[in-house]
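**Q** For reference, the chains in residue letters:
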Amino acid sequence: MKTKKRLWGMWLTFILVFGINLTANAMHIMEGFLSPAWSITWGVVCVPFLIAAFVSLKKKFEKEPKSFVLLALCGAFAFVLSALKIPSLMGSCSHPTGVALGAILFGPFAMSLVSLIVLLFQAILLAHGGITTLGANNFSMGIAGPIVSFVVFKGLKKAKLSTGLSVFFAALLGDLATYVVTAVQLALAHPENGNILASLIKFLSIFALTQIPLAVCEGLVTVVVFGIIEKYGKRELKALNIFQ
Amino acid sequence: MKLWQKNIILLVIAAAICLLPLFLLKDAEFAGADGMAEEAITEIDEGYKPWFTPLSEPASGEIESLLFCVQAAAGAGVIGFILGRMTARKNENNE
Chain V
7 MKTKKRLWGM
17 WLTFILVFGI
27 NLTANAMHIM
37 EGFLSPAWSI
47 TWGVVCVPFL
57 IAAFVSLKKK
67 FEKEPKSFVL
77 LALCGAFAFV
87 LSALKIPSLM
97 GSCSHPTGVA
107 LGAILFGPFA
117 MSLVSLIVLL
127 FQAILLAHGG
137 ITTLGANNFS
147 MGIAGPIVSF
157 VVFKGLKKAK
167 LSTGLSVFFA
177 ALLGDLATYV
187 VTAVQLALAH
197 PENGNILASL
207 IKFLSIFALT
217 QIPLAVCEGL
227 VTVVVFGIIE
237 KYGKRELKAL
247 NIFQ
Chain E
-8 MKLWQKNIIL
2 LVIAAAICLL
12 PLFLLKDAEF
22 AGADGMAEEA
32 ITEIDEGYKP
42 WFTPLSEPAS
52 GEIESLLFCV
62 QAAAGAGVIG
72 FILGRMTARK
82 NENNE
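So the sequence lines, in the order shown, correspond to chains V and E.
With the first sequence counted from 1, adding 6 to any position gets you this note's numbering.
Position 15 (the second sequence) corresponds to 6 in this note's numbering; numbering is contiguous.
Some hints here could point you the wrong way.
The list that follows gives simulated cross-link-like pairs (lysine to aspartate or glutamate, EDC-like), each with its CA atoms no further than 16 Å apart [stated by the list, open to error]:
| hint | chain 1 | residue 1 | chain 2 | residue 2 |
| --- | --- | --- | --- | --- |
| 1 | V | 91 | E | 20 |
| 2 | V | 65 | V | 198 |
| 3 | E | 40 | E | 55 |
| 4 | E | -3 | V | 236 |
| 5 | E | 40 | E | 29 |
| 6 | V | 69 | V | 242 |
| 7 | E | -7 | V | 236 |
| 8 | V | 208 | E | 34 |
| 9 | V | 91 | E | 34 |
| 10 | V | 208 | E | 29 |
| 11 | V | 208 | V | 198 |
| 12 | V | 163 | V | 236 |
| 13 | V | 72 | V | 198 |
| 14 | V | 208 | E | 36 |
| 15 | V | 91 | E | 53 |
| 16 | V | 208 | E | 55 |
| 17 | V | 244 | V | 70 |
| 18 | V | 72 | V | 242 |
Partial list, derived from the structure: chain E residues whose beta carbon lies under 10 Å from chain V [said to hold, decoys possible]:
| hint | residue |
| --- | --- |
| 19 | -1 |
| 20 | 4 |
| 21 | 9 |
| 22 | 22 |
| 23 | 32 |
| 24 | 42 |
No lab work stands behind these hints: they were computed from the structure.
Think of the CB as a built atom: it goes at the ideal place given N, C-alpha and C, for glycine as much as any other residue.
With the hints as extra help, turn the sequences into a complete structure.
**A** Here's what the structure looks like:
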């Protein structure tokens, strides 16, 4: 009972601390730019992942309440990175997502909840992204990106690559995956004269190309933060079992 | 190499990647990728009209950048606080 109460307390603090300042702008799909059918479809697709996130986080906090500090760190990391709109070699701007760190530490599903909170508040306060496109945007940033990061990290670790390089590629590819998925979602909803592929190439050239240098940056910064956690947060890392 | 030395090198590289376009592309507009996608959609789907408009928009570009700064500052503060506490736990890290 006591742990349960503490768990809810933690959630509440988390939402309050971040909720108030959650104005992240990602280069997400704009309000009203997906038809109602697609809006609902992506929303429904997100639901099982959100439930999985809630269950897995609850389990982790019950086992090791201190790991909450690391989740707060991952959330904060995502906020900083998604607030920084960075110029790219394509002559346009975009920004990193910052969800890879959380995916590596907390598994592939946990960040869907964190990113949902980010997206919701940014849609309401900053008119970026949108309520109607919330499901689609959460699928790309909170689900597809983190799953790619998690799989890449585990795979490279298994291939005996150093932790630093594994983290770097996990963050890089996760970041890129988010924007590739965004391009696919837009292409599905807006095929050019019925041709999904033609329109996919168009959206990929806008989102994915702009994103490549930024994805490299996100990789580097994630390695920096992960290195510090690895050196000084051994206790928390052990509790999370990430190297198994 | 010590961790902090490696980290400084990595951060300098990251900063260089971010700043490079500003020097290489002097004439670029650096518009947001989402705005470009908006244009592409209107190009592909000429008749398309967004069926829902944002509930509220920041009053001006200044207010918008204020909100972004607050967001980055709050996140950076939390990161500094947590990592600071973590690195300060001497006894445990020396094992």
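**Q** Checking each numbered hint in turn, tell me which of them this model violates, lowest number first.
**A** 2, 3, 9, 13, 16
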